[in-house]
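Going down the list, the protein sequences come from chains Y and P. Take the first sequence: its position 408, counted from the start at 1, is 448 in this note's numbering, and no numbers get skipped. Take the second sequence: its position 119, counted from the start at 1, is 1072 in this note's numbering, and no numbers get skipped.
The set of hints was computed from the structure by calculation and includes no laboratory data. Just so you know, these numbers come straight off a predicted model, no measurement behind them. Heads up, some of the hints might be wrong.
The calculated DSSO-like cross-link candidates involving lysine-lysine, where the alpha carbons are at most 27 Å apart (straight line), are [as the list claims (entries may be wrong)]:
#1 Y:Lys369 x P:Lys993
#2 Y:Lys166 x Y:Lys301
#3 Y:Lys445 x Y:Lys369
#4 Y:Lys369 x P:Lys958
#5 P:Lys993 x P:Lys958
#6 Y:Lys301 x Y:Lys369
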Amino acid sequence: MFLPPLPSRPVSEAPPILVRGGRVIDPLRGFDAVGDVLLRGERVERISATPLPTTGLRVIDADGCLVCPGLIDPHVHLREPGGERKETIRTGSEAAIAGGFSMVACMPNTQPALDLPSLVDFVRLKAAEAGLARVRVVAAATVGREGERLAPMGAMARAGAVAFSDDGDGIASAMVMRRVLATCRSIDRPFLQHCQEATLTHEAVMNEGPLAAKLGLGGWPAVAEEIMFERDVRLNASIGCRYHAQHLSSAGSVEILRRAKAAGQPVSGEASPHHLLLTDAACDGWNTIAKVNPPLRTGADAEALRKAVVDGTIEVLATDHAPHTASEKGRDFSAAPFGCIGLESAVGMYGLALVKSGLMDWTSVIERMTVGPARLLGLLEAGFGRLFEGGPADVSVIDPDAAWKVEASNFRSRSRNSPFDGWTAHGRPVAVITQGRAFDLRTEWWRGAGAP
Amino acid sequence: MCAVKRDFLQIEGLSKSDLTALLERAEANLPIAEGRAPRKELLAGRVIANLFLEDSTRTRCSFETAVHRLGGQVFNLTSAGSSASKGEGLIDTALNVEAMGVAAIVIRTSISGGPAMVAKRVRIPVINAGDGRHEHPTQGLLDMVTLRESLGSLEGRRIAIVGDIANSRVAHSALQGLTTMGSEVLLVGPPTLLSAHQIVHDGTGHVSITHDLDAIIDEIDAIMLLRIQSERGAGSGIASDYRTLFGLTPERASRLKPHAVVLHPGPVNRGIEIDDSVADEHGGVRILRQVTHGVAARMAVLEALLAH
């Protein structure tokens, strides 16, 4: 494989960055004060309650905005290698920046699957070459994501994989699952499960219920998610791996998570914007944009998920950004692929679901977009998900009250399959600083010709 | 006022007066459908495309006959299993057929929502001749024509639909139509082929579910038997005692009310849904009458969409 040399960016020569006059929030230590944040190179140099001199600095105006640790999306699909018509590591990490994220973790269901150390290297090198959001790799737990033989997980961990998952499929065999959990435990990596008992989801394309019956589509019952989650909790009880249930969709799953956490198990769960805001009604008229996996369910399920985010049962917000081309989504409902994109609407949609609704404050939402994902991926100790002097210079700036219209046609993502196109979002990312670069999303160069 | 293209995609959403108009039009077409009156010339010089991307003989021939009885011409494109049977191929095929200047497209497909998808892309009327597990609206019409002929009215009549409700587009269209017309519908079948979801989406409150055919067999005015759709993967939900529990055996047939009628969309799995002796000898069986009504009903739909 030929890879061009990494671009040499003399970070130290770039001017230091001053994020001026925002409300600085570090959820982990409960820090919340108006002030300036000075970033030099890849480190936070100062957080100051009094204004700092601006001479010689690149100034990002954060007046009226929240200045928080760089947002982390621990569940995205960048599609490269193999799915470059949908997204690439470059376009996906650019979409991440546009959505206010300084870091994403990409899933291994590419073609080929990310199941070798060299493929982990490939993603890291491509991401470094793009130089936009940081990209961390979630590698496949089994060879080819086939759920049979263990992939070289230890070697991939050494190559930089932060977690393991066969996302897109659950690991069906209980024996394989047990081996995976034990291996993850031994190499100190979390396992991220896509909970789906496949024998219950044959030809299943949307939530099992009256609408599926009316549309003549195969129903995907919530219990198919719940029994795999329940099984894994039992399997893991004697292993104690950090286990994470991805994209929870049902009230029943929330109950399983709540019980496992109460029992002291190292279990976490995540929620996606579409599961918090939409129900299976969005599928009416065979609307393939609303075809996601696991499927959109009932209003009661969405409410249970929102409550679980509010009370902290769900500590991680993740978009499950899943790009697909217009022609793929133009197939009939059963043949169209599962998934919707989420990076560039995420902040505004979480704001709509959780803040505008009066359920939470922004600090708690940001905690679940920073501390939660960083803890999940084992990056908290390295300072990610936090904002403190001496920590990594990953900062997101959010205008918490901005009402703005989501326009998928303006997205940086290569795909347009957003169920929120045309919605009015609440809260907007206005700047991201990561890897020594500042992206002011309000400026013309960013909205225009592309990132320099 | 701009002309709005009209399609015939589903029974759901049609009002009682819409349905009544179609049923009356179908009934008026009966003498032509039976060959007793001369054909109409409504479709003279026009071509109708039959896109049958899933196996069907009865429905395809019925549409062909209906077009001929209206003075039009028809061509058939049948390609089950080809690329056209998938979503993208279906639209491509429909666009090509439209470009040949046909007046309307009749579509049979295994894709639920396939005809609706095509209707959004073409400028000519689309008629759903059965799509996946969604609806088979012209079958729904012909069933209602048959029931009205035998029972006089649909209002207040108790109709049992028996069999693979979950996978049956025939059942879905009949359920929508009959409840709109004021009938009381009993859905009967094994729990593996019938779920509460079927009632919930009806919303009229005139639908109930039972798994015990014997408990209701003597209370109904009509029994609509469904074909067991093993080709749709429902086979695994069907136990070997289907006939014992849900088949129309001579014993059950003898308990039907004297005026009660028996319908089946065909083709019949004899010895499963209905026993030979009942199918051949019971006075209430209307299966071939349904076939005749199918031509009249499809003529009515073509007229409603193309009478301009």
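Hints, one by one, checked against the model:
1. Y:Lys369 x P:Lys993: violated, 43 Å
2. Y:Lys166 x Y:Lys301: With a Cα-Cα distance of about 37 Å, the restraint between Y:Lys166 and Y:Lys301 is violated, given a limit of 27 Å.
3. Y:Lys445 x Y:Lys369: Holds, at roughly 23 Å.
4. Y:Lys369 x P:Lys958: holds, 25 Å
5. P:Lys993 x P:Lys958: holds, 23 Å
6. Y:Lys301 x Y:Lys369: Outside the cut-off at roughly 38 Å; violated.
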